[in-house]
Each structure stands twice: as structure tokens, then as C-alpha cells.
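K.L.:
Quick note: the sequence shown, position 44, residue 44 per my numbering, numbers continuous.
Wrong hints could be hidden among the right ones.
[Stated by the list, open to error] Cut-off 25 Å, straight-line C-alpha distance, at most; resulting in silico cross-link-like pairs (DSS-like, lysine-lysine): (1) 42 / 102; (2) 116 / 35; (3) 28 / 72; (4) 59 / 35; (5) 28 / 14; (6) 15 / 113; (7) 42 / 113; (8) 15 / 102; (9) 68 / 7; (10) 10 / 116; (11) 15 / 116; (12) 116 / 28; (13) 116 / 102; (14) 102 / 72; (15) 120 / 77; (16) 120 / 59; (17) 14 / 68; (18) 102 / 35; (19) 59 / 42; (20) 37 / 59; (21) 72 / 59; (22) 15 / 77; (23) 7 / 113.
Calculated directly from the structure, the hints in this document are not laboratory data.
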Amino acid sequence: MNQSFGKAYKLCSKKLIDEVFESGVTVKSYPLIVKYKLVDLKGDTPFQMLISAPKRTFKSAIERNRIKRLCKEAIRKNKRILEEPLNRRELNMAICLIYSAKEELAIEQLNRKTQKLFNKIIDDLDENIQK
């Protein structure tokens with residue numbers, strides 16, 4: 001199984017990012033907040049993601065970059081939780097992830113929170129599709 005999290009997973013389209021923030025669904029699992037929207041992506045990945053750490057909370061770029069690296073690693077390790085259901089349903093998703101804690105969490109804790117968040121997204125998706 002491929003565990004990479006390369007450029008294909010990066011959400012770069014300004015238009016898509018604006019769309020997600022305007023009309024996306026919000027799911028929270030402290031310290032992570034996710035806004036997502038089902039869209040048609042051009043690549044072969046089931047989702048593309050933007051990771052954000054607020055400048056207001058983390059003044060130093062070094063801190064923000066470290067937080068984003070840790071989040072990216074947690075996503076890389078747990079992406080199959082989100083990928084498999086999306087591939088089964090042939091859906092694509094644009095995701096904006098915002099780190100909302102005031103301090104940096106340990107990677108193990110972040111892994112657990114990421115798993116919980118991805119499961120919440122899938123549950124939320126199941127509810128919305130069945131309606």
C-alpha cells in the first residue's frame with residue numbers, strides 16, 4: 001500500500017479553496033478543524049488538502065512550519081481511513097485543515113486526533129449521502 005503524501009494531494013487551486021471556505025461542511029475534533037467539500041478533482045487522488053497553522057497563534061514561521069509538517073505526517077500515516085471509502089464511492093474531496101491548539105501536540109496524540117477526525121468525516125459523509 002502506498003503511504004506517500006506527495007504533491008498530488010496538495011490543494012493549490014485558489015478557486016477551490018474559496019469554494020470550500022464559502023460553502024464547505026465543517027467538522028471539528030480538537031485541535032483540528034476541517035472544512036471539506038465534495039468536488040471534481042483533476043488528479044487521480046481521492047482528496048486534496050490544505051494545511052494551515054494560524055499566524056495569530058504561532059508568530060514564528062518556524063513554529064507554523066513545524067506544526068504543518070507534523071500534521072502532514074499524521075495525515076500521511078492515516079490517509080487510508082479517508083481514501084478507501086472515497087475510492088469505493090468514487091468521490092473526490094477538497095479539504096482545508098486548520099490546526100487550532102495554542103501549543104504543539106505530540107505526534108502520537110496528533111495521530112489519534114487525525115484518525116478520529118477522518119472517521120468523523122466519513123460518518124458525516126455517510127449521513128449526507130443517505131439523506
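K.L.:
Each hint: holds or not?
P.N.:
Hint-by-hint comparison with the structure:
1. A threshold of 25 Å between alpha carbons decides the hint, and for residue 42 with residue 102 the separation of about 35 Å lies outside it, so the pair is violated.
2. The straight-line distance between the Cα atoms of residue 116 and residue 35 is roughly 15 Å, inside the 25 Å bound, and the hint therefore holds.
3. Straight-line distance between C-alpha atoms of residue 28 and residue 72 comes to about 17 Å, which keeps the hinted pair within the 25 Å bound.
4. In summary, the hint linking residue 59 to residue 35 is supported, as the alpha carbons are separated by about 23 Å, within the 25 Å threshold.
5. Pair hint residue 28 plus residue 14 holds up; C-alpha atoms about 23 Å apart against a cutoff of 25 Å.
6. For the hint pairing residue 15 with residue 113, the CA-to-CA distance comes to about 29 Å; that exceeds 25 Å, so the pair is violated.
7. Distance restraint check for residue 42 and residue 113: the Cα-Cα separation of roughly 29 Å exceeds the 25 Å cut-off, and the hinted pair is therefore not satisfied.
8. For a cut-off of 25 Å, the pair hint linking residue 15 to residue 102 is broken: about 29 Å separates their Cα positions.
9. Restraint check for residue 68 and residue 7: satisfied, since their Cα atoms lie roughly 15 Å apart, inside the 25 Å limit.
10. Of the pairs offered as hints, the one joining residue 10 and residue 116 holds, with about 21 Å between alpha carbons and a cut-off of 25 Å not exceeded.
11. For a cut-off of 25 Å, the pair hint linking residue 15 to residue 116 is broken: about 29 Å separates their Cα positions.
12. Our distance criterion of 25 Å between C-alpha atoms is met by residue 116 and residue 28, whose separation comes to about 10 Å.
13. A C-alpha spacing of about 20 Å is found between residue 116 and residue 102, which places the hinted pair at or below 25 Å, so the restraint holds.
14. Taking the CA atoms of residue 102 and residue 72, the gap is near 18 Å; set against the 25 Å cutoff, the hint holds.
15. Of the pairs offered as hints, the one joining residue 120 and residue 77 holds, with about 17 Å between alpha carbons and a cut-off of 25 Å not exceeded.
16. For the given pair, residue 120 sits about 30 Å from residue 59 by alpha-carbon distance, which is inconsistent with the 25 Å threshold.
17. A hinted pair counts as satisfied when its Cα atoms are at most 25 Å apart, and residue 14 with residue 68 qualifies at roughly 19 Å.
18. Taking the CA atoms of residue 102 and residue 35, the gap is near 20 Å; set against the 25 Å cutoff, the hint holds.
19. Pair hint residue 59 plus residue 42 does not hold up; C-alpha atoms about 35 Å apart against a cutoff of 25 Å.
20. Our distance criterion of 25 Å between C-alpha atoms is broken by residue 37 and residue 59, whose separation comes to about 29 Å.
21. For the proposed pair residue 72 and residue 59, the alpha carbon gap of about 20 Å is at most 25 Å, so the pair holds.
22. Between residue 15 and residue 77 the alpha-carbon distance is near 28 Å, which puts this suggested pair outside the 25 Å criterion.
23. For the hint pairing residue 7 with residue 113, the CA-to-CA distance comes to about 23 Å; that is within 25 Å, so the pair holds.
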